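Trainee: In case you want the letters, here they are:
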Amino acid sequence: MTDQPTLDVRNLRVEFPGRHGTVTALDDVSLSVLPGEILGVVGESGAGKSMTGLAVQRLLEPPGHIAGGQVWLNGRRIDSLSEPEMEKIRGREIGAIFQDPLTSLNPLFSVGRQLVETIRLHGDLSRTAAKARAVELLAEVGIPAPADRIEHYPHQFSGGMRQRVVIALALAARPKLVIADEPTTALDVSIQAQITALLRKLCKEHGTAVMLVTHDMGVIAETADRVAVMYAGRLVEIGPVAEVVARPCHPYTRGLMGSIPTLGARVPRLAQIDGAMPRLDAIPQGCAFNPRCPLVQDRCLRERPELRPMGAGHAACWIDAAATEKAA
Amino acid sequence: MTAPAHTAPSALTVSAMTRRFDVSAPWLNRLLERKPRLYVRAVDDVSFEVPRGGCLSLVGESGCGKSTVARLVTGLHTPSEGSIRFAPGAGEKPLSVQMIFQDPYASLNPRWRVFDIIAEPLRELKLRATEPEIAARVAELLKTVGLAASDGRKFPHEFSGGQRQRISIARALASEPDFLVCDEPTSALDVSVQAQILNLMRRLQDEMGLTYLFISHDMSVVRHMSDQIAVMYLGRIVEQAPTEVLFAQPRHPYTQLLLDTIPNVTHPRRNREPQAGEVPSPLKPPPGCTFHPRCPQADSRCVAERPEMTAMPDGSRVACHRVAEMLARMA
Ligand SMILES: Nc1ncnc2c1ncn2[C@@H]1O[C@H](COP(=O)(O)OP(=O)(O)OP(=O)(O)O)[C@@H](O)[C@H]1O
Ligand SMILES: Nc1ncnc2c1ncn2[C@@H]1O[C@H](COP(=O)(O)OP(=O)(O)O)[C@@H](O)[C@H]1O
Ligand code: SF4
Ligand code: SF4
Ligand SMILES: [Mg+2]
Ligand SMILES: [Mg+2]
Numbered sequence: 001m002t003d004q005p006t007l008d009v010r011n012l013r014v015e016f017p018g019r020h021g022t023v024t025a026l027d028d029v030s031l032s033v034l035p036g037e038i039l040g041v042v043g044e045s046g047a048g049k050s051m052t053g054l055a056v057q058r059l060l061e062p063p064g065h066i067a068g069g070q071v072w073l074n075g076r077r078i079d080s081l082s083e084p085e086m087e088k089i090r091g092r093e094i095g096a097i098f099q100d101p102l103t104s105l106n107p108l109f110s111v112g113r114q115l116v117e118t119i120r121l122h123g124d125l126s127r128t129a130a131k132a133r134a135v136e137l138l139a140e141v142g143i144p145a146p147a148d149r150i151e152h153y154p155h156q157f158s159g160g161m162r163q164r165v166v167i168a169l170a171l172a173a174r175p176k177l178v179i180a181d182e183p184t185t186a187l188d189v190s191i192q193a194q195i196t197a198l199l200r201k202l203c204k205e206h207g208t209a210v211m212l213v214t215h216d217m218g219v220i221a222e223t224a225d226r227v228a229v230m231y232a233g234r235l236v237e238i239g240p241v242a243e244v245v246a247r248p249c250h251p252y253t254r255g256l257m258g259s260i261p262t263l264g265a266r267v268p269r270l271a272q273i274d275g276a277m278p279r280l281d282a283i284p285q286g287c288a289f290n291p292r293c294p295l296v297q298d299r300c301l302r303e304r305p306e307l308r309p310m311g312a313g314h315a316a317c318w319i320d321a322a323a324t325e326k327a328a
Numbered sequence: 001m002t003a004p005a006h007t008a009p010s011a012l013t014v015s016a017m018t019r020r021f022d023v024s025a026p027w028l029n030r031l032l033e034r035k036p037r038l039y040v041r042a043v044d045d046v047s048f049e050v051p052r053g054g055c056l057s058l059v060g061e062s063g064c065g066k067s068t069v070a071r072l073v074t075g076l077h078t079p080s081e082g083s084i085r086f087a088p089g090a091g092e093k094p095l096s097v098q099m100i101f102q103d104p105y106a107s108l109n110p111r112w113r114v115f116d117i118i119a120e121p122l123r124e125l126k127l128r129a130t131e132p133e134i135a136a137r138v139a140e141l142l143k144t145v146g147l148a149a150s151d152g153r154k155f156p157h158e159f160s161g162g163q164r165q166r167i168s169i170a171r172a173l174a175s176e177p178d179f180l181v182c183d184e185p186t187s188a189l190d191v192s193v194q195a196q197i198l199n200l201m202r203r204l205q206d207e208m209g210l211t212y213l214f215i216s217h218d219m220s221v222v223r224h225m226s227d228q229i230a231v232m233y234l235g236r237i238v239e240q241a242p243t244e245v246l247f248a249q250p251r252h253p254y255t256q257l258l259l260d261t262i263p264n265v266t267h268p269r270r271n272r273e274p275q276a277g278e279v280p281s282p283l284k285p286p287p288g289c290t291f292h293p294r295c296p297q298a299d300s301r302c303v304a305e306r307p308e309m310t311a312m313p314d315g316s317r318v319a320c321h322r323v324a325e326m327l328a329r330m331a
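Chains as they are written, first to last, in full-length UniProt numbering: chain U, 1 to 328; chain S, 1 to 331.
Rather than coming from a laboratory, the hints here were simulated on the basis of the structure. Bear in mind the structure is a predicted one, so any value in this text is a computation, not a measurement. One or more hints might be untrue.
To be verified - Covered by chain U, according to a simulated footprint, are these stretches of chain S (three or more residues, beta-carbon under 8 Å):
{"no.": "1", "region": "160 to 169"}
{"no.": "2", "region": "197 to 209"}
{"no.": "3", "region": "270 to 277"}
{"no.": "4", "region": "297 to 306"}
{"no.": "5", "region": "320 to 330"}
No residue lacks a Cβ here, since even glycine has one placed at the ideal position from N, Cα and C.
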């Protein structure tokens, strides 16, 4: 096996037909995640982060549907599979972790029962063996006294502990890909750090590819290997996380980085991007960022920039801002 | 020009404030199951001052009592013990206070046009006499927060989260307050929108000489906004210090934990081993120092004895036995 990506998304397009016409929620999104790699996906609310994860799992809410492009998992095309075939992939080959741990857990069953069911659904284990495996999994995600805790119900766990259980559940079938959508957003910072460290450790150990969706650049900087920045349903920049954070190429990424209050030197005023991200039914012609862009040119109003190599990664912009700066 | 924080007279003085909530099971259940009455001390013996024209921030994890302090200070709750005193303002009346909430949507009446939302305090407090005067003032307020006068005709649902927070700020400013209590005003917003709102709040403070009590769980936001920071844990203030002192020399082990766990964009630490442990239930707070089950420096004294606030030479106050012992050794 060479470096075949676990997940390969090519030119993905998602549409929602509505009464006032069709809106395009994802427009030509291409990204890939290698085994053992964590790809962070950032962007502001409504940018299409969750939509990307849902489309990969084929969990789009109708009438939303994939209207173009391809999704490949471990060298197999999955966007064209039938629903029963896709059903088998979810949970077994793709594990999911959501923001609110309660949505992934059934309040009526003990966590042990839920783990045992998931393990047996996806592997050939006896009930006793599955239970032993469940205890192992709880221990692996850092739940103290796992053999006792396994009888407990979700409400008997704290928020942070519940999210650990959800991680155990997502990893139960040893999936090749984990999609984690805002897994720490509902948690306090001191717990957040514990959960991201855990996610990182487990994925490195098992060679799991992770798509980590979050609006928190700090979490991405400390957890992800590469980062994809989304804006108005499009990918505007993708590259190694340290590079994108230190030397963002796309004007939107630059604005985003500047607007984060840091713990470093105190500034009297934060950099701000004026205006707001457009609604999906009002995306401007050409580059979607053009009404807010400090570097906008005529061409940006007419022609949409494709992703192209820039800096240490790729960016979708007509101008190479870093190169322009160096020249100046 | 505002005077330096340490010499400015205080706008608000809170002394030994405690607020209990009765969270007992219903009377009949208590009788049948022989359960005692149950109280949670959401705020426990908290004292602080906010200098005029300054900004004091409260930080801490969810449930530590930040919002309860905000509601006490604005009079939405009454304290069980202790006192809250605003300094006299114009005409010897106490300084007037307004509050800005986390969720800009829930705090705006969805059936009212933005114009009427902002005009309400003007009409209620008779701050403007005639309709044309009210209209002029609403237009002025909308402009102050970066919206257009024509936005007054719209309803809250027609705005984005950041714009709604601007509307809440305009409404709060309508009654010409001296003091704003801001409870997580940007926690529901994206960072780029957060930057717009934080910049707006700083500008308004400079222009109008407002005093802020600012609440957030985000250390970097608090650092950007405040002169003084008070760190809360399970209803108590465990450390209070001037912003730069707190970040340069955090003394309470909980403050150190908080600063240590913030994900840092500019200096990411990717292979950290975060400290384990969670906030205990406020219904059964641990005895002595409530932080002792998570504290790497805890000893038997911490389990038995509640630490008092100790004032440090550089202006910070810390409630920790280790810090007090160190100070005593140095004296
Ligand atoms: N059922 C739907 N019909 C039409 N548009 C939709 C539907 N669901 C989502 N959208 C739109 O798709 C876009 C992308 O949504 P998505 O949930 O992926 O955003 P996100 O980046 O995850 O944001 P957040 O940070 O708020 O979670 C948004 O503009 C959203 O309004
Ligand atoms: N009205 C109330 N009745 C009962 N308990 C409350 C009430 N308001 C707050 N509490 C409790 O008081 C504690 C502090 O809450 P809060 O001030 O909202 O915390 P924060 O704003 O720091 O997250 C929590 O344990 C909370 O459950
Ligand atoms: S393509 Fe043009 S408008 Fe778009 S980000 Fe680049 S410079 Fe700005
Ligand atoms: S008093 Fe003891 S337990 Fe509390 S913070 Fe200080 S050292 Fe830790
Ligand atoms: Mg989302
Ligand atoms: Mg609160």
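Trainee: None of the hints should be skipped; say for each whether it holds.
Mentor: Okay, the hints, checked on the actual structure:
1. 160 to 169: Our answer is that it holds, as 4 residues pass the Cβ test (under 8 Å) against chain U, meeting three.
2. 197 to 209: Answer holds; 3 residues pass the 8 Å Cβ test.
3. 270 to 277: holds (count 7)
4. 297 to 306: violated (count 0)
5. 320 to 330: violated (count 0)
The earlier numbered hints that this structure contradicts are 4, 5.
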